[in-house]
Amino acid sequence: MPLRIIAHILPLTLLLMFMTSCIPASREEALAKGGESMKKGFELYEQKEYSAAYRPLQKAYSSGIRTGTLLFRLGYCTEKEAGDRIAAKRFYEESLEYFKSHPEEDVETYMKAYYNFGSLYYYMVNRTTDVDKKKNFLMRAKKIWDEGLALHPSNSYIAKHYDKLEADIKRMDAGIE
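The opening position of the sequence shown corresponds to residue 0 in numbering that gives the first Met the number 0, with each subsequent residue numbered one higher.
Simulated from the structure, these hints should not be mistaken for laboratory data.
Predicted, not measured: the structure shown is a model, and the values here were computed from it.
The beta-carbon is built from N, C-alpha and C at its ideal position, and this holds for glycine as well.
Hints may be right or wrong, so weigh each one.
In the BS3-like style, the derived pairs of lysine-lysine whose C-alpha atoms are separated by at most 30 Å in a straight line are [said to hold, decoys possible]:
| id | residue 1 | residue 2 |
| --- | --- | --- |
| 1 | Lys133 | Lys79 |
| 2 | Lys47 | Lys134 |
| 3 | Lys134 | Lys88 |
| 4 | Lys99 | Lys58 |
| 5 | Lys169 | Lys88 |
| 6 | Lys58 | Lys88 |
| 7 | Lys159 | Lys47 |
| 8 | Lys88 | Lys159 |
| 9 | Lys99 | Lys38 |
| 10 | Lys99 | Lys134 |
| 11 | Lys88 | Lys133 |
| 12 | Lys142 | Lys132 |
| 13 | Lys141 | Lys159 |
| 14 | Lys159 | Lys142 |
| 15 | Lys133 | Lys38 |
| 16 | Lys133 | Lys99 |
| 17 | Lys169 | Lys141 |
| 18 | Lys88 | Lys99 |
| 19 | Lys159 | Lys132 |
| 20 | Lys169 | Lys134 |
Label-pair restraints from in silico Cβ distances [said to hold, decoys possible]:
| id | residue 1 | residue 2 | range |
| --- | --- | --- | --- |
| 21 | Lys79 | Asp129 | 24 to 30 Å |
| 22 | Ala86 | His160 | 19 to 25 Å |
| 23 | Asp145 | Ser100 | 30 to 36 Å |
| 24 | Gln57 | Val130 | 34 to 40 Å |
| 25 | Ile175 | Gly63 | 46 to 52 Å |
| 26 | Thr127 | Glu35 | 29 to 35 Å |
| 27 | Lys38 | Asn125 | 35 to 41 Å |
| 28 | Gln46 | Ile85 | 22 to 28 Å |
| 29 | Arg170 | Lys142 | 41 to 47 Å |
| 30 | Lys142 | His101 | 21 to 27 Å |
Generate coordinates for the entire structure from the input sequences, incorporating the hints supplied.
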């Protein structure tokens, strides 16, 4: 009787061992392919070929790769080429979360991520006629930009547009749209 049990258990055990040994290889293979895609996407992005960069960046993301720079660039390509600001917002948020725990990765892109994330809200001001929504969008943009400036006071992307944002908030407070 013990031989019958072993005869049933042994194939299952071997199958389980085989399957679990394949998982890391598959993940490593996926990450390797994703790394190749990320490299290609970065090259296209740096050449300002945002439309062409989108697919390899998305492939790298789908393979499980996460870096602040990848997330930012994917957000940028999603916003500029696909016009999908909701998806771009998600990538910018994810980028900022990543950068908060890895601030040394790419300071320049970290600063751009704060600017672009706040800019999405600033952009929405002109997409609604609801005064309360406009004010809310302005305040969200300001909060994000303030956070970015607190971390990087030299953030030229935000500094360049911050005075206009504050002027728009003052106009809203005064009842002037």
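Contradicted hints - numbers only
Those not satisfied are hints 2, 15, 23, 26, 29.
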